[in-house]
Amino acid sequence: MRTRAAVVALLALAGEARAAALQASIGRTALRDLPPGLAADEALLADLDRDGRADLVVGAHARGKDYASSVLVWSSVAEGGQARPLRLDLTPDVVAWTVGDVHPDPGAELVLFSATSAFAWRPTASEGQRFVRLFSCDFLWQIPDPDAAFALEQGVLDVDGDGLDDLLVPEPGGWRIALQRRAQGAPEADFGLQRVLRVPPEDSDWEGLGPETAGAAAVSGGSRGSTMRFAVELSGETEEAGAPATLLAIVESAPAPRLVDWDGDKRADVLAQSVEQLHVWLQREGGAFGERPDGSFRLPVAADRKRRLDASYSADALDLDGDRRCDVAIFAGDTRAEEVRTQLLSFLSRASPVPGAMRNPFGERGVPQDLLVLAGFVASADFDDLDGDGLSELVARTVRPDLIDQLRSAASETIDAELFAYRNIAGRMARRPQLSWRYTVPIKAFMPTVRFLGDVTGDRLSELFVRDQPGRVQLLMMRAQGEAWTLLERPLWEGTCEPEARVFLLRAPGRTALELVLLEDARVVHVRFGR
Amino acid sequence: MVPRQLPPRLPRPLAPLPALSLLCLLAACASTELASEPPPLAAMEEPLALRSEPDDEARRLELEPGGFTGVYVKDARSSLDAMLGEPQGVLVERLVENSPGVAAGLEEGDLLFEVEAPAPEGGRRTLELAWPSQWRELELACRAGDELLLRYDRAGAERTAHLRVQARLVRAAREPGERLREEQRTGVVLRSATEVEARAAGLGPGGGAVVVGLSLDSPWRAAGVRFEDLVRSVDGRELAHSAALVDAIRGAPEDGELELGIVRAGEGIELTVPLSRRARELKSVHIPLVFRYERGRESSETSLLFGLLGLRRTSAAWQVRLLWVITFGGGDADRLIEVEG
Numbered sequence: 001m002r003t004r005a006a007v008v009a010l011l012a013l014a015g016e017a018r019a020a021a022l023q024a025s026i027g028r029t030a031l032r033d034l035p036p037g038l039a040a041d042e043a044l045l046a047d048l049d050r051d052g053r054a055d056l057v058v059g060a061h062a063r064g065k066d067y068a069s070s071v072l073v074w075s076s077v078a079e080g081g082q083a084r085p086l087r088l089d090l091t092p093d094v095v096a097w098t099v100g101d102v103h104p105d106p107g108a109e110l111v112l113f114s115a116t117s118a119f120a121w122r123p124t125a126s127e128g129q130r131f132v133r134l135f136s137c138d139f140l141w142q143i144p145d146p147d148a149a150f151a152l153e154q155g156v157l158d159v160d161g162d163g164l165d166d167l168l169v170p171e172p173g174g175w176r177i178a179l180q181r182r183a184q185g186a187p188e189a190d191f192g193l194q195r196v197l198r199v200p201p202e203d204s205d206w207e208g209l210g211p212e213t214a215g216a217a218a219v220s221g222g223s224r225g226s227t228m229r230f231a232v233e234l235s236g237e238t239e240e241a242g243a244p245a246t247l248l249a250i251v252e253s254a255p256a257p258r259l260v261d262w263d264g265d266k267r268a269d270v271l272a273q274s275v276e277q278l279h280v281w282l283q284r285e286g287g288a289f290g291e292r293p294d295g296s297f298r299l300p301v302a303a304d305r306k307r308r309l310d311a312s313y314s315a316d317a318l319d320l321d322g323d324r325r326c327d328v329a330i331f332a333g334d335t336r337a338e339e340v341r342t343q344l345l346s347f348l349s350r351a352s353p354v355p356g357a358m359r360n361p362f363g364e365r366g367v368p369q370d371l372l373v374l375a376g377f378v379a380s381a382d383f384d385d386l387d388g389d390g391l392s393e394l395v396a397r398t399v400r401p402d403l404i405d406q407l408r409s410a411a412s413e414t415i416d417a418e419l420f421a422y423r424n425i426a427g428r429m430a431r432r433p434q435l436s437w438r439y440t441v442p443i444k445a446f447m448p449t450v451r452f453l454g455d456v457t458g459d460r461l462s463e464l465f466v467r468d469q470p471g472r473v474q475l476l477m478m479r480a481q482g483e484a485w486t487l488l489e490r491p492l493w494e495g496t497c498e499p500e501a502r503v504f505l506l507r508a509p510g511r512t513a514l515e516l517v518l519l520e521d522a523r524v525v526h527v528r529f530g531r
Numbered sequence: 532m533v534p535r536q537l538p539p540r541l542p543r544p545l546a547p548l549p550a551l552s553l554l555c556l557l558a559a560c561a562s563t564e565l566a567s568e569p570p571p572l573a574a575m576e577e578p579l580a581l582r583s584e585p586d587d588e589a590r591r592l593e594l595e596p597g598g599f600t601g602v603y604v605k606d607a608r609s610s611l612d613a614m615l616g617e618p619q620g621v622l623v624e625r626l627v628e629n630s631p632g633v634a635a636g637l638e639e640g641d642l643l644f645e646v647e648a649p650a651p652e653g654g655r656r657t658l659e660l661a662w663p664s665q666w667r668e669l670e671l672a673c674r675a676g677d678e679l680l681l682r683y684d685r686a687g688a689e690r691t692a693h694l695r696v697q698a699r700l701v702r703a704a705r706e707p708g709e710r711l712r713e714e715q716r717t718g719v720v721l722r723s724a725t726e727v728e729a730r731a732a733g734l735g736p737g738g739g740a741v742v743v744g745l746s747l748d749s750p751w752r753a754a755g756v757r758f759e760d761l762v763r764s765v766d767g768r769e770l771a772h773s774a775a776l777v778d779a780i781r782g783a784p785e786d787g788e789l790e791l792g793i794v795r796a797g798e799g800i801e802l803t804v805p806l807s808r809r810a811r812e813l814k815s816v817h818i819p820l821v822f823r824y825e826r827g828r829e830s831s832e833t834s835l836l837f838g839l840l841g842l843r844r845t846s847a848a849w850q851v852r853l854l855w856v857i858t859f860g861g862g863d864a865d866r867l868i869e870v871e872g
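From first to last, the protein sequence lines are chains C and H.
With the numbering used here applied, the first sequence has no gaps in its numbers, which climb one by one up to 531 at the end.
With the numbering used here applied, the second sequence has no gaps in its numbers, which climb one by one up to 872 at the end.
Treat the hints as calculated values from the structure; they're not laboratory data.
Result set (EDC-like, lysine to aspartate or glutamate): computed pairs, CA atoms no more than 16 Å apart in a straight line:
1) C/Lys-65 with C/Asp-41
2) H/Lys-605 with H/Glu-638
3) H/Lys-605 with C/Asp-89
4) H/Lys-605 with C/Glu-127
5) H/Lys-605 with H/Glu-670
6) C/Lys-444 with C/Glu-500
7) C/Lys-266 with C/Asp-323
8) H/Lys-605 with H/Glu-617
9) C/Lys-65 with H/Glu-624
10) C/Lys-65 with H/Glu-639
11) H/Lys-605 with H/Asp-684
12) C/Lys-444 with C/Asp-416
Computed spacing ranges between beta-carbons, pair by pair:
13) H/Phe-822 with C/Gln-184: 38 to 46 Å
14) H/Thr-833 with C/Gly-390: 31 to 39 Å
15) H/Asp-748 with C/Gly-510: 23 to 31 Å
16) C/Gly-510 with H/Leu-658: 41 to 49 Å
17) C/Pro-200 with H/Ala-613: 35 to 43 Å
18) H/Glu-706 with C/Arg-181: 39 to 47 Å
Backbone N, C-alpha and C fix where the C-beta goes; we use that ideal spot for every residue, glycine too.
Using the sequences plus the hints, can you model the full thing?
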């Protein structure tokens, strides 16, 4: 027993020593000064100059001015912090922007969306030929946000798997997929081949979806918000004091689409969750989709108004068991339990009993194949392959059930949160967490970031990025210790940032680990992890 | 009943072989991480004297500062659809208080579309305004006291204004330069030209790129490009920004060439320069347990027969390992030897 303890202690010491040696070389930092008068809003990484390295693309707005947004590009070939960015001042009608290779020019282009069209900005073209109209569309957000044009990163993706970037444009009640085709020697790409997908309306669509902000344009994506929406409300005074009358209210929405292989045919299919149903559009030969979904399945836990109040509710669609077919995972608060707890319901894909028919992922009775119970609220959860075995582990961030009491009493200036990682064993989550880690977060206007970045050290285990204090960012090394995973206390990399800095963890083309971009008041900090 | 034939049992000494084979197979299947980006060029030459910009601030302050109008303009096109067409006029974005622009009656939002100004060769010229850079060039060409006749549009009504240019007292701030590195097809390091260098080469501030690094095997070196050459044009197009040269290099066809307009010691020359690509080489061979060879940038490692024999070499040292535990090592000593004169 004593020998085992000594070995464990030696291993721990060796781990600490390795972490110290890696500290200096693990994060390469580039500081980019913002042009005077600009404040950064969004960040993306993309290879615009086709040098194999990611360039930093930042969306910014002019302080104190409406409809004055810009996009700044810092090329990876530029050295030093004083490098001047390539700058595009956006016209006032630009609602959103992103980056994609949508033109035969070398490298990627900026893709700009107005209310009626998608355009490309070619950074290397001569001044008079920089703008190209790609196609017309009925963009979901019909009014630009006066504060800033937003980044629609999910608008560019290779839908049909031909290696060319296609565009997926949200429209009221659905999406338009514009497939890119390039003829040999043609001066421009062709986006004429388009598919329009319409989401069947539901009576419950309007529940709790009243306009909240006039003229707002925002994407609510991710695991919890599953709806993209655009809302406008005009109101006027009435004779009754304090009771404004609504003159005009417009709410347009489309569910956030998810592109995954539903049926294992190696083609990306489109999934969307409405309030009551999961809709599936299957992709056929040549990137063909039907306008109506090929299958609509009633959710075992509807995302109705009641569930909107459930802090733990979220849903995800991904391949959990490695059979290349999509599975569904739903987190929901356990309403029957006396104590606060959250259930993860996993619905694993099975072949349809009827040949040629679409399988119902939830079965006839909506009984999951796997059920995991977590104590407390799940603040957020995602699935990441943490050990390089090709299966996604569950990473859940929870807060203790007495959170509300803590906040009410204000006995402490911090609250406790916990991070759990559950190992994926053939699609089912282990009953006990592989990693359990507690951290404290200050109670003030601050959003912590705790997320696995991918393997930085080469030991196949992901490293954890932590910003649990407003002015501090850290990278913690994870290692296997017996059956469990642990985090080394000494950070692999550590830095400071402005307390108001915004954190972006972005995937760069060709890189396995995510990269860190910090948007500060007057500069942008870009950190590439790995050796 | 036919007696069932049992498979022959392996002789005892060979029993671990399947496990060993499996181990070898697993080792062979274990993927090593591939580099996601090319390594830095080994033979890059960057003279220390060219690491920083030339200290020409005093000369910059002696340059003709041009005139001052107090008018800042921007692209007049206000929508993406308009961006598809040619611009017509430039928009007044900002006016400096008490400036000639204010005195002429201009207001923010006015659309300047034509200006009549003194010509450098004498007389007057009429210039149609389309790009903001035209206004900056006009200011640089003007002298104190020059009078400009402006035609502009305000709320749909065409107007004219007379603007008397004043002397520019406060010069524009020095723009920080930047270094760009192109290591894929040319092996060259570029620095943006200073305002002094750019204007001497007939370019506007911010234009031009100076060669401050060249790889020993760069095709540009063989084609006659030298350190401190200022590239002022590529394929006949003036270089408005040093990044445009990198874009032109990356965007050229596989076996393409570029026509460079170069200023060397004040003289203009034209050079046709070829492009190259990265060489490929074998970096490692692994035959599980039998042979292993890896070559890095500064070292190589060879291992034979289960690691029975191992050899590691760098440019300064070597090490031989026999029977796993016996090692010999050697390399450069910390002293010089006497050599015959």
